[in-house]
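A.B. asks: Going line by line, the protein sequences match chains A and B.
Mapping of the first sequence onto my numbering: residues 1 to 358, in sequence order.
Mapping of the second sequence onto my numbering: residues 359 to 658, in sequence order.
Hints are computed from structural coordinates only; laboratory data are not their basis.
Glycine included, C-beta positions come from ideal geometry on N, C-alpha and C.
Be aware that one or more of the hints could be misleading.
To be verified - Keeping only pairs whose Cα atoms sit at most 16 Å apart, straight-line, the calculated EDC-like set for lysine to aspartate or glutamate is:
{"#": "1", "chain 1": "B", "residue 1": "384", "chain 2": "A", "residue 2": "75"}
{"#": "2", "chain 1": "B", "residue 1": "384", "chain 2": "A", "residue 2": "235"}
{"#": "3", "chain 1": "B", "residue 1": "468", "chain 2": "A", "residue 2": "338"}
{"#": "4", "chain 1": "B", "residue 1": "468", "chain 2": "A", "residue 2": "80"}
{"#": "5", "chain 1": "B", "residue 1": "415", "chain 2": "B", "residue 2": "394"}
Unchecked claim - Residues of chain B placed beyond 10 Å of chain A at every Cβ, according to the derived structure:
{"#": "6", "residue": "380"}
{"#": "7", "residue": "426"}
{"#": "8", "residue": "517"}
{"#": "9", "residue": "602"}
{"#": "10", "residue": "605"}
{"#": "11", "residue": "623"}
{"#": "12", "residue": "635"}
Listed below are the residues making up each chain.
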Amino acid sequence: MKARVLPRNDVLKIVDLLRQQSYEVIAPFRERGRDTFLEPVTDQNRDRIQLHLPNPYYPPKRYVFPPIERLLKVERSNGDLQIVPTYDFQKRAIFGIRSCDVAGIYHLDRFYLGRELPDIYYQNHRKNLFLVNMACTDPDLDIGEECFCMCTDTGPAARDHFDLQLMDLGDEFMAVAGTPAGEALFADPIFRKASPEHVARRRAILEEVRKRFKPNTTSWFSAAIQAVSRGEIPEETWDQIGNRCLECGGCTYVCPACTCFTVTDHSVEDNGVERLRIWDSCALSGFTRMAGGFNPRRAIHDRRNRRFFRKLAHYFIQRELSMACVGCGRCAAVCHGDIGMPSVVEMIRHATTRSKEA
Amino acid sequence: MNPSAIEHVTPATGPPEIVENVYLPKVAVLDRVVSEINEVKTFYWHFEDSVEQQAFKRFRPGQFAQVSLFGVGEFPTSLPPSPTEDATFFTVRQVGSCTAALHQLQPGAKFAVRGPYGNGFPMEEYRGKNLVFVAGGIGLIPLRSAIIYALAHRSDYERIQIFHGAKTPNELMYVPNLHEWERTPGVECHLTVDRPGNDRSGEGWTGNVGVVGSLFKKPDVKVAVENTMAFVCGPPIMFRFVIKDLLEMGFQERNIVSTLERYMKCGVGKCGHCCIGVAYVCVDGPVFTYEQIKRLGEDI
Chain A
1 MKARVLPRND VLKIVDLLRQ QSYEVIAPFR ERGRDTFLEP VTDQNRDRIQ LHLPNPYYPP
61 KRYVFPPIER LLKVERSNGD LQIVPTYDFQ KRAIFGIRSC DVAGIYHLDR FYLGRELPDI
121 YYQNHRKNLF LVNMACTDPD LDIGEECFCM CTDTGPAARD HFDLQLMDLG DEFMAVAGTP
181 AGEALFADPI FRKASPEHVA RRRAILEEVR KRFKPNTTSW FSAAIQAVSR GEIPEETWDQ
241 IGNRCLECGG CTYVCPACTC FTVTDHSVED NGVERLRIWD SCALSGFTRM AGGFNPRRAI
301 HDRRNRRFFR KLAHYFIQRE LSMACVGCGR CAAVCHGDIG MPSVVEMIRH ATTRSKEA
Chain B
359 MNPSAIEHVT PATGPPEIVE NVYLPKVAVL DRVVSEINEV KTFYWHFEDS VEQQAFKRFR
419 PGQFAQVSLF GVGEFPTSLP PSPTEDATFF TVRQVGSCTA ALHQLQPGAK FAVRGPYGNG
479 FPMEEYRGKN LVFVAGGIGL IPLRSAIIYA LAHRSDYERI QIFHGAKTPN ELMYVPNLHE
539 WERTPGVECH LTVDRPGNDR SGEGWTGNVG VVGSLFKKPD VKVAVENTMA FVCGPPIMFR
599 FVIKDLLEMG FQERNIVSTL ERYMKCGVGK CGHCCIGVAY VCVDGPVFTY EQIKRLGEDI
């Protein structure tokens, strides 16, 4: 592990270094209250970057998988077709990405690039992306009521898949390089070698932070995976989950590991067409409806079932070699029916322990 | 949609492609259109680029392709030709906006195709077996490819039996092929209709009347059960009854295959729409054995 330390006052110089290397740097900002968001850094907003804040609900996956992305441009003239794929090669760095979201991007890597027929649009975004992970150390600002990265083994400090990881040690920050690109930044004089004392402090802080997570639901995650994979969830539990779903799709849009999309053609000037892909949600009733109206997945609990099955079934975890839930807690925060992942795990726990007792 | 909502897109001026773009369809030209039955037409086409045409011709029976009608959208469709035939074509019923747009195209019109996708029927694995094809209505479209393929490799297979049922004589599919198969030695081709009426030639229907399963019980029909693969394709209700009949005759669930249809956007295992249980119909299917279909746990 290559570790360095830098003074607290120099942390934002990492942003400057990346901007000098022509990265568009995305960083977290905060307005009033819980209103937090990721935005490109400019000379004007650079000093307002937040090092500790509640994780924005709108996840950073949009920098590798935009909510609306053009795939093709088609020109039509005299009956001829010109089909041109449109690619985005913008160099981007996300400064302050949380550990759960790093795991989310890793899951997307596994999904879009890890199998046959890789996705070139995703690849173009991904290979130009630089991740500066900020470990969650502030129990009041970084760790929310809904956070459960301890259960999914994705936080509070990511172990891999970042280029650089920062951790707040008080008046200093520790920086750990995860890739050669991250290590290359250490050439700058703001970084100096970390001492064994720094490493010990890092360990002590993490130990303290882990204690701040609520113990409930955590240990039940693997039990829920087992119950879902073995088909042990009673039908009435899926019904209960389905009955609480308002079909808003919010859980899938805030999820850093949801991958579904729809494709649509959009007319542009001069008789042209753009083919766009747009985030889609398995919570919406039209998701599986075929031309002619037949919908194999009609009942609402079927659709809910689908989302939790996709996230918790051992088959998919094995297929992607990573789990499609990273413990960020966004679904729990946005769901009006209280069927975010922790609640569902809890409902599964109740149902399966009850049926075992019976 | 508001074009300004399109984010993060710059023209293709960057480094060269490393992986193939699986979403990029290739331009195809419509050669001719043949009307099959009401609202079902066969579209003969070829790729504008002959290299693409050669590459595409490596498809397997049971695979599918994605057809683009730009400005309307893209839809998945079976490949009814066999790779042993020269022509490339689709047979498509008009059901939604994309298929309606295809039905309006005139010969010479350009559209786009990508594929082939999916697993297809493992025809090599079935060598040495009897093949029973059971097709209800336009269910013959995906099975046609496997039938023609099997006939082109006739010595690889034992008995070949074809059962095709339609609502009325006018709705029997691929009539020239049916006539040919009825005349081919070593092929048993049995037809039935739900309601007799006038057939295409204007003469009254003299064949069997009843659902496709009623053919299995005819005295002159003996369905091969041992060492047999049964291919079943058709509307959901027909599928359920035929499966019941086959199981009663003694077919093993793993010796019955079908192809599934689902709403799909990408065809390459990414968009998520066609996922049933633990399977993506586009990459793990569309061909599944009945044993697998039962485990997927969704309506057919």
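A.B. asks: Could you tell me which of the hints above the structure violates, numbers in ascending order?
C.D. replies: Hints 2, 3, 5, 6, 7, 11 and 12 are the ones this structure does not satisfy, whereas the remaining hints hold.
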